[in-house]
Amino acid sequence: MLIASYVFLVIGGLFFLLGGLGILRMPDTFNRIQAGTKATTLGSFSILIGVAFANPSWIFKIIIIIVFIVISNPIGSSAIAKATYRSNHIPTNLVQDDLAKRGEEHDTN
Amino acid sequence: MKNLIAFVLSVALGVLMVLSLTNNDWFAQFGYVDLADRVSQSYIDKDVTGNPGEIIFGITSNPENGAANIVTSIVVDYRSFDTLGEVTVLFISALGVALLLNSQDKNKRLALNFKPNFMLRVGSRALFAIILMTGVYVILHGHLTPGGGFPGGTMIASSILLLYLADDQFRTKVKGFKLLEGVAGSFYVIIGLLGLLLATYFLQNFLPTGTVGDLLSAGVIPIVYILIGLKVGSEIAGIIDNFLTEEEVSL
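Line by line, the protein sequences give chains Y and E. Per our numbering, the very first residue in the first sequence carries number 1; after that it's consecutive. Per our numbering, the very first residue in the second sequence carries number 1001; after that it's consecutive.
So here's chain Y without its partners, still in its complex pose (with noise of 0.2 Å):
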């Protein structure tokens, strides 16, 4: 049981690194923001299920957690993109842009 709760804490604490790493070395705010958001919630489930397998008394707590993550990480990862797009920080090398093709305008400032 100990040991499973190790495993999942140290999968965890490797993906928080590596989406450290990542905001550290992309290149622009999007990909910023799915290194991030991608690594943070997968890091953070896994350490809470490693919290879950250390302390069973917890799980209840643990989920309630792991549904606000779940809800809250693509809600804020999807506003800080929008923001970015309007505020015309978008890179130059964009391939598809369909919020373009739906009228949607940046901020002229």
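Derived from the structure by calculation, the hints contain no laboratory data. Note that beta-carbon positions come from the ideal geometry of N, C-alpha and C, so glycine has one too. Please note that the accuracy of each hint is not assured.
On the chain Y side, residues computed to face chain E include the following (Cβ under 10 Å) [unchecked claim]:
1. I62
2. I64
3. F68
Straight-line Cα separation of at most 30 Å, DSS-like style, residue types lysine-lysine; simulated pairs [what the hints assert, rightly or not]:
4. Y:K82 - Y:K38
5. Y:K38 - Y:K61
6. E:K1115 - E:K1173
7. E:K1175 - E:K1115
8. E:K1115 - Y:K82
9. Y:K38 - E:K1115
Add chain E to chain Y, keeping to what the hints say.
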């Protein structure tokens, strides 16, 4: 006549002061006070459970205070009157904000300069439920774990702030907040008066304190914390509402 009464009262007060200062039974001489007789020494000696004995979590029952969280036992039991003052300070600041920023047009609010997409609107409502539940949890467990009425109430208010920021159509019922705030504040004072009536002094813990660590323990502390949480939450939500419906007033 008025002067005569004033003169008599002054003389009586002077006589009383001289008599009391010369009487060593009322005021001990400097350096001759036995602290063991005083109230302060009993507070120095004892722990929050009322006696110097060992307290075992989940087993010891009916101690003097009963809260597992020592900060809570100070804040809403021993110094509950001080907390009543803090709540009043918060109330007065909310009143000041409302006075300065209250808008006449109840349906107007500051417009967001973007259109919130579907995901943001719906997802923030789901998050609202979880944040509200966490706030209620923190309030209910104020006497067991760190937290209590003030942080829990602020969490409730922050969930309402999230709804405001994520949905440009959202408006709260400010009237309901004002009502809740007034009712919670009045019940706090009523509980204090009940303590004066059923026990010895204002805001004394008059309910049985139960077993240390149970959810239903510590007498009036959970009730007072629920009231404080409701009051703080509704007040800060009212402040947020006032800030977001602010309008320019021409004086």
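Hint check:
1. I62: Cβ of Y:I62 sits 13 Å from chain E, so the hint is violated.
2. I64: Where the cut-off is 10 Å and the nearest Cβ of chain E is about 7 Å from Y:I64, the hint holds.
3. F68: Check passed: Cβ of Y:F68 comes within 5 Å of chain E, closer than 10 Å.
4. Y:K82 - Y:K38: holds, 17 Å
5. Y:K38 - Y:K61: holds, 22 Å
6. E:K1115 - E:K1173: With a Cα-Cα distance of about 23 Å, the restraint between E:K1115 and E:K1173 holds, given a limit of 30 Å.
7. E:K1175 - E:K1115: The given pair, whose Cα atoms are some 28 Å apart, holds under the 30 Å limit.
8. E:K1115 - Y:K82: Holds: E:K1115 and Y:K82 sit about 11 Å apart, inside 30 Å.
9. Y:K38 - E:K1115: holds, 26 Å
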